[in-house]
Amino acid sequence: MNQINPPDLDLTSITADIVSSYVANNAVHRADLPAVIASVHAALQGLVAAKQAEPAKQLQPSIAIRKSVTPDFLVSLEDGKKYKTLKRHLGKLGLTPAQYRAKWGLPDDYPMVAPNYALRRSELARSSGLGQQRRKTAAKSVAMSDEAVTAPAEVSKPQRRTPSRSSAQ
1 MNQINPPDLD
11 LTSITADIVS
21 SYVANNAVHR
31 ADLPAVIASV
41 HAALQGLVAA
51 KQAEPAKQLQ
61 PSIAIRKSVT
71 PDFLVSLEDG
81 KKYKTLKRHL
91 GKLGLTPAQY
101 RAKWGLPDDY
111 PMVAPNYALR
121 RSELARSSGL
131 GQQRRKTAAK
141 SVAMSDEAVT
151 APAEVSKPQR
161 RTPSRSSAQ
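For the sequence shown, position 155 matches number 155 in full-length UniProt numbering, and the numbering has no gaps at all.
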């Protein structure tokens, strides 16, 4: 949503644009033109005045921020409902985690996943062996580099090439 600053706002040019578009698409008598201009200008002034008179709404979370993080769930400050993870809920509301944190004044390390849920998911990943391939290949490469440094290089004879079956026939 664009912020309108009244000092920067030129109602005359906006009125002229609106009236010129209206006159280009509709038949208007010359005598009615001042009334159209006045009504458009008055409508724009009314919109600006209503925007200025509207007090800034202070956001009130549905629950205290400290109480919104529990071991088993997170409470959304938007609607007060309990969630294991807030990311999908925020997506439905059209917010990113960063926007949510900024909107409610939350720290950057505010969790988006309930702590116990994150632990269970981590344990599940470890038990299924996720992340182990990198460790195994890293351990093998370290072991191979240690062997290469400690063991002298063996000179091997070049292997004799055997003729392929297709060339023998």
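Honestly, the hints are just simulated from the structure, not real lab data.
Heads up, some of the hints might be wrong.
What the hints assert, rightly or not - Result set (DSS-like, lysine-lysine): computed pairs, CA atoms no more than 30 Å apart in a straight line: (1) Lys51 <-> Lys67; (2) Lys67 <-> Lys84; (3) Lys82 <-> Lys67; (4) Lys103 <-> Lys87; (5) Lys82 <-> Lys103; (6) Lys81 <-> Lys67; (7) Lys92 <-> Lys51; (8) Lys92 <-> Lys67; (9) Lys140 <-> Lys157; (10) Lys51 <-> Lys103; (11) Lys103 <-> Lys81.
Claimed, not checked - Derived DEER-like restraints, expressed as beta-carbon distance ranges: (12) Ala16 <-> Gly91: 23 to 29 Å; (13) Ser39 <-> Gly91: 40 to 46 Å; (14) Ser128 <-> Thr162: 53 to 59 Å; (15) Gln99 <-> Pro71: 22 to 28 Å; (16) Asp17 <-> Tyr110: 56 to 62 Å; (17) Met144 <-> Thr70: 35 to 41 Å; (18) Ser128 <-> Thr70: 25 to 31 Å; (19) Arg134 <-> Pro158: 32 to 38 Å; (20) Gln60 <-> Thr137: 38 to 44 Å; (21) Ser21 <-> Arg101: 40 to 46 Å; (22) Val48 <-> Lys84: 22 to 28 Å.
Note that the Cβ used here is the ideal one computed from N, Cα and C, for glycine as well.
Q | Pair hint lysine 140 and lysine 157, alpha-carbon separation not exceeding 30 Å | A | Holds - the C-alpha atoms of lysine 157 and lysine 140 are around 26 Å apart, at most 30 Å.
Q) That 40 to 46 Å hint for serine 21 and arginine 101 (C-beta), does it hold up? A) About 42 Å separates the Cβ atoms of serine 21 and arginine 101, which means 40 to 46 Å holds.
Q. Serine 128 and threonine 162, beta-carbon distance inside 53 to 59 Å?
A. Violated - the Cβ-Cβ distance for serine 128 and threonine 162, about 45 Å, lies outside 53 to 59 Å.
**Q.** Consistency of beta-carbon spacing, lysine 84 to valine 48, with hint 22 to 28 Å
**A.** 45 Å, violated
**Q.** Status of the given 56 to 62 Å range, CB of tyrosine 110 versus CB of aspartate 17
**A.** The hint (56 to 62 Å, Cβ to Cβ) is violated, given that aspartate 17 and tyrosine 110 are roughly 44 Å apart.
Q.
Next pair to validate is lysine 103 with lysine 87; report whether the Cα-Cα distance is within 30 Å.
A. Measuring from Cα to Cα gives roughly 15 Å; hence the hint holds.
(Q) Check whether the Cα positions of lysine 82 and lysine 103 lie no farther apart than 30 Å. (A) 19 Å, holds
Q.
Assuming the hint says 22 to 28 Å, is it satisfied by the Cβ distance from glutamine 99 to proline 71 or not?
A. 26 Å, holds
**Q.** Pair hint outcome, lysine 51 versus lysine 67 [Cα-Cα no greater than 30 Å]
**A.** 35 Å, violated
Q. Cβ-Cβ distance between serine 128 and threonine 70: within 25 to 31 Å?
A. 27 Å, holds
Q | Whether the CB-CB distance between glutamine 60 and threonine 137 falls inside 38 to 44 Å | A | For threonine 137 against glutamine 60, whose Cβ atoms are near 53 Å apart, the range 38 to 44 Å is violated.
(Q) Holds or violated: the 32 to 38 Å window for the beta-carbon distance between arginine 134 and proline 158? (A) 36 Å, holds
Consistency note: the structure conflicts with the earlier hints numbered 1, 12, 14, 16, 17, 20 and 22.
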